[in-house]
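There are 2 protein chains.
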Amino acid sequence: MPYSSQALTKLIEALRKLPGIGPKSAERIAFHILKSPPQESEALVSAIMEARWSIKACSICFFLADTDPCPICQDKTRDQETLCVVEDSRDVLAMERAGAYRGLYHVLGGVLSPLDGVGPGDLRIRELFERVKEGGIKEVIIATNPTMAGDITAAHLAQQLKAIGIKVTRIAHGLPVGTELELADEVTLTFAIQGRREI
Amino acid sequence: MPYSSQALTKLIEALRKLPGIGPKSAERIAFHILKSPPQESEALVSAIMEARWSIKACSICFFLADTDPCPICQDKTRDQETLCVVEDSRDVLAMERAGAYRGLYHVLGGVLSPLDGVGPGDLRIRELFERVKEGGIKEVIIATNPTMAGDITAAHLAQQLKAIGIKVTRIAHGLPVGTELELADEVTLTFAIQGRREI
Chain A
408 MPYSSQALTK
418 LIEALRKLPG
428 IGPKSAERIA
438 FHILKSPPQE
448 SEALVSAIME
458 ARWSIKACSI
468 CFFLADTDPC
478 PICQDKTRDQ
488 ETLCVVEDSR
498 DVLAMERAGA
508 YRGLYHVLGG
518 VLSPLDGVGP
528 GDLRIRELFE
538 RVKEGGIKEV
548 IIATNPTMAG
558 DITAAHLAQQ
568 LKAIGIKVTR
578 IAHGLPVGTE
588 LELADEVTLT
598 FAIQGRREI
Chain B
408 MPYSSQALTK
418 LIEALRKLPG
428 IGPKSAERIA
438 FHILKSPPQE
448 SEALVSAIME
458 ARWSIKACSI
468 CFFLADTDPC
478 PICQDKTRDQ
488 ETLCVVEDSR
498 DVLAMERAGA
508 YRGLYHVLGG
518 VLSPLDGVGP
528 GDLRIRELFE
538 RVKEGGIKEV
548 IIATNPTMAG
558 DITAAHLAQQ
568 LKAIGIKVTR
578 IAHGLPVGTE
588 LELADEVTLT
598 FAIQGRREI
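Order-wise, the sequence lines are chains A and B. With the first letter of the first sequence counted as 1, position 164 gets the number 571 in the numbering used here; the numbers rise by one all the way through. With the first letter of the second sequence counted as 1, position 74 gets the number 481 in the numbering used here; the numbers rise by one all the way through.
With the rest of the complex left out, here is chain A:
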């Protein structure tokens, strides 16, 4: 664009690096930033800097939090014998929103993916085993995503955890609530049948 401002082009390029932001959205957001009151863009800039500055991974569970240990690890009212293994911090927030789980977490930081060069050493698997070996944990719930990589990671962890005598469970796969059976894919339906429970 011969007439486009250099600063604007830079801003649009920086915005396009954010997930889910295409060229049209980036342009729309950039002009919004230019036209909004200065306080609004200042608030955004300081929120980005403050978040980068103050949020760290908890040294126990690796959940991103303001404090270390994180508030979940510090909360002694939570069930200290159950550990839920998730891929990343957003999964912890999703679980907490659902409110159905009151134990502790362990954030892996991804899933095993040999094709992308992600091996066990790239995830917090060693730290998971250190926590489990310290004792106190009776059940590990593996809540990696129901994807190929998530399932492979779950199988890998389950095998090793069972070898040291820990009870390992996997979150249920099945039909999401509110959807229609005829729209579900075959794999989900297979899981739904296999995981059926008496009512």
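Which copy is meant is left open, because identical chains are indistinguishable; a pair holds if it fits in one copy or across any two.
In silico DSBU-like pairs for lysine-lysine, Cα to Cα no more than 35 Å straight-line:
#	residue 1	residue 2
1	K569	K483
2	K545	K574
3	K431	K463
4	K431	K545
5	K483	K463
6	K431	K483
7	K431	K442
8	K431	K574
9	K574	K483
10	K569	K442
11	K483	K442
12	K417	K442
13	K431	K417
14	K574	K442
15	K483	K417
16	K569	K540
17	K463	K569
18	K540	K442
19	K545	K442
20	K463	K424
21	K540	K483
22	K442	K424
23	K463	K574
24	K442	K463
25	K417	K463
26	K545	K569
Note that these hints are calculated values from the structure, not bench results.
Given the structure of chain A, go ahead and fit chain B onto it with the hints provided.
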């Protein structure tokens, strides 16, 4: 969210103020910012600050640019006798991307909208008439959006510009290229019929 970090909540709230960003996208972008290399979030912060600092509205046409007058107003190879009136700076970029127009622009900064309290005094209408009265402009193309407010603004400007002897045109309304006639709404079809041209 009892366990969510304060800094994270602030960041998500700031991101949600951006256009087209809902709660899920804001959370996704916030975690991306936290997990991306520091250079990436620093680049975003400095791009926002630089854009706010260096981009100003051109004092002639009100297009947002690094320089004043903007590069379009400075470009003497452009047709100095035609003025295209648009709602905002993004419309200038869209027109320039199309590459079909080589004249000058005038950015109104919105459209007349009595219900939202936007009257002629809130737009750059006075500045438009000052430019036109200075002489040299032979045709004003009104390219406000084909919405109710855009059409009312176009009618208002056309009436006053014609009164001082300026040729006023409106960009064509009709079927967008690549769409199907049967999917077009009645108003667009009416415009498409009324605006038909001999081939």
